[in-house]
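Line order of the protein sequences matches chains A and B. Read in order, the letters of the first sequence are residues 1 to 333 in my numbering. Read in order, the letters of the second sequence are residues 334 to 1525 in my numbering.
The set of hints was computed from the structure by calculation and includes no laboratory data. No experiment lies behind these values; they were computed from the predicted model shown. Virtual Cβ for every residue (Gly too), placed ideally from N, Cα, C. There could be a bad hint or two in this list.
Heads up, simulated DSS-like pairs for lysine-lysine below, C-alpha to C-alpha not over 25 Å straight-line [said to hold, decoys possible]: (1) 123/A - 943/B; (2) 895/B - 144/A; (3) 162/A - 1294/B; (4) 1066/B - 1018/B; (5) 27/A - 1499/B; (6) 164/A - 947/B; (7) 1507/B - 1354/B; (8) 123/A - 947/B; (9) 931/B - 123/A; (10) 693/B - 726/B; (11) 1499/B - 274/A; (12) 1294/B - 1282/B; (13) 964/B - 883/B; (14) 943/B - 164/A; (15) 1208/B - 1282/B; (16) 928/B - 123/A; (17) 730/B - 652/B; (18) 123/A - 726/B; (19) 1102/B - 1431/B.
Chain B regions said to be covered by chain A (calculated; three or more residues, Cβ under 8 Å) [to be verified]: (20) 372–386; (21) 1139–1149.
Computed spacing ranges between beta-carbons, pair by pair [to be verified]: (22) 29/A - 582/B: 54 to 62 Å; (23) 214/A - 1521/B: 40 to 48 Å; (24) 520/B - 214/A: 56 to 64 Å.
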Amino acid sequence: MADLTTTYLGLQLKNPLVASASPLSEKVETVCELEEAGIAALVMYSLFEEQIIHESLELDHYLDYGAESFAEALTYLPQIGRYSIGPESYLQHLSRVKKAVTIPVIGSLNGVSTGGWIDYARKIEDAGADALELNIYYLPFDPKIVSAELEGTYTALVSNVKAKIKIPLAIKISPFFTGMANVCRRLVEAGADGLVLFNRFYQPDFDLEELEIVPNLTLSTSQELRMPLRWISLLYGRVKTDFALTTGIHTAEDVLKAMMAGANVAMLASELLKHGPRRAVEILTNIRQWMDGHDYESIHQMRGSMSAQAMHEPYALRRSNYIKVLNSFKYLP
Amino acid sequence: MKRQMVTIDGNEAAASVAHRINEVCAIYPITPSSTMGEFADEWSALKHKNIWGTVPLVIEMQSEGGAAGAVHGALQTGALTTTFTASQGLLLMIPNMFKIAGELTSTVFQVSARTVATHALSIFGDHSDVMAVRQCGWGMLASGSVQEAHDMAVIAQVASLEARVPFLHFFDGFRTSHEVNKIEQLTDDDLRLMIDDDLVRAHRARALSPDRPVIRGTAQNPDVFFQARETVNPYYEACPAIVQKTMDKYAKLTGRAYHLFDYIGAPDAKRVLVIMASGGETAEATVKHLAERGEKVGVLRVRLYRPFSVKHFIAALPKTVKSIAVLDRTKEPGAIGEPLYTDIVNALVEGCKLENSSLKPANLPTVIGGRYGLSSKEFTPAMVKAVFDELAKPEPKNHFTIGITDDVTHTSLEYDPTFSVEHPETIRCVFFGLGADGTVGANKNSIKIIGEETDNNAQGYFVYDSKKSGSMTISHLRFGPKPIQAPYLITPHTANFVAIHQFNFLERFDILKYAQPGAVFLLNSIYAPEEVWHHLPREVQEDIIKKQLKFYVINAYDVAQKAGMGERINTIMQTCFFAISGVLPRDQAIKQIKKTIKKTYGKRGEAVVKKNYKAVDQSLANLHEVKVPEKAASSLTRRLPVPVQAPEFVRDILGPMIAFEGDSLPVSALPKDGTFPTGTTQWEKRNIALEIPVWEPDLCIQCGKCVFVCPHAVIRHKVYDTSLLKNTPATFKHLESKFKEFPGMAYTVQVAPEDCTGCSLCVEACPAKDKSQVGRKALNMAAQPPLREAEAANWDFFLSLPELDRALVNPGTVKNSQLLEPLFEFSGACSGCGETPYVKLVSQLFGERAIIANATGCSSIFGGNLPTTPWSFNKDGRGPAWSNSLFEDNAEFGLGFRLTLDKHNEYAGELLVQFVNELGQDLVDGLLNADQSTEAGITGQRERVEILKKKLAQSNDPRAKNLVSVADALVKKSVWIIGGDGWAYDIGYGGLDHVLASGRNVNVLVLDTEVYSNTGGQASKATPRAAVAKFAAQGKGLPKKDLGLIAMAYGYVYVARVAMGASDQHTLRAFLEAEAYDGPSLIIAYSHCIAHGIDMVKGLEQQKLAVQSGMWPLYRYDPRLAATGKNPLVIEFKQPSIPVDQYMYNETRYRMLVQSDEQRAELLLKESRQDVRKRWQFYSQMAAMHFGEKKE
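Based on the sequences and whatever the hints tell you, model everything.
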């Protein structure tokens, strides 16, 4: 039978299926189901910089709102012994999850500034995480910010976080960089033990009747696999680090493609949210069947087998043979 | 265990003992005692145990009457039980108090004594409540200070257990209950040493139990009742000695010695003052001062008022006494004198008969009685001295008053306000803050720092104003090496330190009068140190120069903004205070401030602590001393409290009250029976909005939604004749009317810039967006100061435009309804209040013929709290007549209005037919058969009544005179019974139910905030499941009571549940239908509230989410439909379309449960989802039921 084991961030994994940061990790029971279904590791849902700072500021604001202004109502809400604000409940939950399963649990921090919130990297480590995924999400809408400055912010943040922890650190980024390969190299130089490609943005929508911007959450599809697939293929071997492919993993085929591109693991959430944790069983079975059917011995064997460096026609990946593609589209009769 | 020195207020001091020595607490909120119950509830929620190792069970009841019943029951079954209350609350307990005493039951009620409402409600302190229960047979023990409130709480309990007489332990509301002072806190071991557990077990052994059955509470007849009543005498006779024995035991334990009557002063005093509670502290300090200077004066402080021990009283009184003044903090009109006075007179007479008494009838001292301190009126050493001076006169005035000027019956004594007994080493500081800026909280922390981190004694007392938005707070802080015995405010010209945290207070109030010469003056100023002088009013400049004040400024708003503190300047001003005052070395002070910040805010998260630290660190660099010029040269002067053109009463009576000078008004200035003119808020231009809405006519669609939702009636729209546009102010805006009923006319939306609170609900409600720039609406907020002058002129012009004839306006649409003049305006409610828009709507639709009964609560406070009140009148002088009776009786009170109207209407009809000859058949028929279902019909009837009055004006027939006196009842009146959920769901529910059942034509409006908002957010039965509230600190575990469904069960009550933010049209329709229905109507209105912990700007949005999530179903139940074969229930909401958590977790009241107990939050969320599902199923099925005749 094919060997599905892999390594990621120095962690030994029984297969390349990793549950990515999503509501899947909000309940201990779901995490246990994921483990039972064969998921090899879990990335916790993200602890946001905003959550760490703003949740407590918000609580502070509302507990004092209108207080000490009117003689009959010096406060409006009761005093409660202690609050478990964002980070605290996250850490407690992480700790509970870690105790409940044997698979590696990767903590997740999401933010962009280098403020005091990054102390939570250490706290996540202390809570028992086997590794940390740092999700850097910044919209560079300020026309005055130049690329170098922005990239500098990223690398500074990575080295600051790396300095706080002993566990491995993965960096999750968006695909929107001018010098993608260079940025990836610098992130690794700054301390990243792995790169997670790519962050998926939830783009808001417009409500034409109300003329308002509305949040719009849609799950990913297999089509979205292409971009991270292509970039991991291009970067594999050029940037010496582990790769996790995230966004667009829905089937065994998607996972196999990710491996062949050079990823150490394939991360998925939408598929599991849609069909439940047991879907992992099917995917793993299908992977095994495909590998057996095609005489692959191990994941290790196929990793990077279709990366740019391994391909005889890397041009097809780099220029993406887009002229050919454009010309190949035909309206159906 | 070592005792700790703690700096707490009187309520906490009493509650901390009561909670530790009881097993059950049955509570109900009432100011100023509410926080005692809140403490007990919170401590039990935190699993704090009593001295026997178990957590006391705390239950909130539906009223004080209910609390007393529960206490009685718990006592009868053997639990050590207590309650906390005041004022009317205590009065509601009277029947049970008689029972508890009659059954010789041991208990202590902790009471922060408060004024009982008479001509007006007052939340402040006096003894009218405790004196009203002195006949119940309870022991009454008075405390005068925070330490005493702590001490007496246990002394009362111990004595009660032994004596079997129940005890009332009372202390002065606000003055003691809310004063923060440094006290020695009793340990659990102290309490264990005081309480004899055998007595506790004896209390249990007397309990009702089926294991040893007895019957208690029999009905007795003339044969034995009397004798049985006399059986208790030995217990009352023994009680004083037991109390003294307990006090002696306590003195041994703590070193603090009390006596039933404590005498302080010259041993050979000739003049003695007798007084109870906090006034005794002032009197004691004054007597010490005078006696040290050789005056033969003394004070006898009454600790145990009931049972009154003549023996102990006479023993405590110096034998040299020649004259006695007894001071009562209550008024008993018609009595020979006030209660303590009459008791003392009696005691002296009876004292003559005591064995070996030195008192003889022939040489009894002269006794005079006087009243002081009603409703927390200040009582100062100057007043004490005036009483002693009066006693020195050959014929001192009896039944005097002190502290006021009585120019009507001339009872008042003159006093010299400059007389002071304060120790020269005591430092006095006053701080004027804005309610929202955190000043009071910071000062409470400062007092704790000084009290607990230095050897100084410290005292803090806080004064709040009568408005809920833009309110001013005044903090009075004293500290120094000597004990502070000064339960009165810092008096003018005596403060060492004056801080003003809001610059514009200088324009409005004479604040520097507090400063003594050479004092420090700290000002929060947006102006730099070198320019601030030129922005000060001239009077302020003159005071600074004359008093040679050391003047410091800081731009605290700037520091706060940079530190991320928003408008909260508390820690910044606190840091400056410590830096300038020198009470602690700077470094030590900053260390302590930071320590307190960590303690206060630590549990809210690191980010909160850090921003406060940052504010502290940046304060000193921004603190500057101002070089004071030698001359005052400002052209600015302080503003008058009301404009000169205001009516005389407003100018001369309300004006001084607005300027915080109301103490200077004499008795003759005030109405005798509590009757005040309406429409007075319009004269108090508070200018509290930083930003106001600005109208963009090019975008406006004239929908009137902004006017509809405005909580303060500061944005209005009008349709008027274009000919009136000739002399408009320069910036006055207008459009052509788009109203189909009023073509060719002009239209304007106008804002009252000086009355607006800047809540921006109007902007939120505005649906008109710029198609090229959707962020721009037909209303947008802009800074007020640059707009103020021009918009004030526009507002005046707008008001001068005539209102439309009501008969021409069809109020059935939102836009048209808002053309009706609001007769409820500029209230002091919270900015963005969710209640006031509904109240205002009543005033618009029915105001000129409405009579309103208002339950005590937020709506009675913003509706009737002086100095100025919002209920108004129109150009014809007609408008809502308004009154507040009590909290619990509002439905019945309003029903009384209806009964009068119905009776007078009937009587007028009976008389009318007797005057057919004089009035003519047509007029009589017209009056009797008028159709008053429309505005035109009502106007016609009014005209007929005027004709009737004219025709009968000259008649000498007594029947004609009677007819004229009741003829107004022939015009349709609209009775509105308004109150909050605390009233309707809880304390007033029984009455409300009866009134609805009566079938009478009354309209009940429940402003449902789902908590007791006015007393600070305690849970009511309207509180929804999963919400955290006071008394439900662990999140309410049961669902909201469905008041509407209960009312529907009658079948003949009109019921509607509305939420303005979810559907304005449904709301409007419900109000119109309710009023038109000739029977009882109930409207339950979702009122977003500051107590929900929401951004009030998003209040309307929350209403929408409440409906969409199914938490707040919208419906109307109209019994008239059933009569036509239709289902009376029309539901106006769809199947829940969003999850309940999308609504709930926008609000801190729900979110804080997730933060404090995630598992419980999850459970309650799940149950809330089920509630919503069940409710939807139930209502949708009910609305689908067939109501027509069954066809055979």
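Check the structure against each numbered hint from earlier and tell me which ones fail, lowest number first. 3, 18, 21
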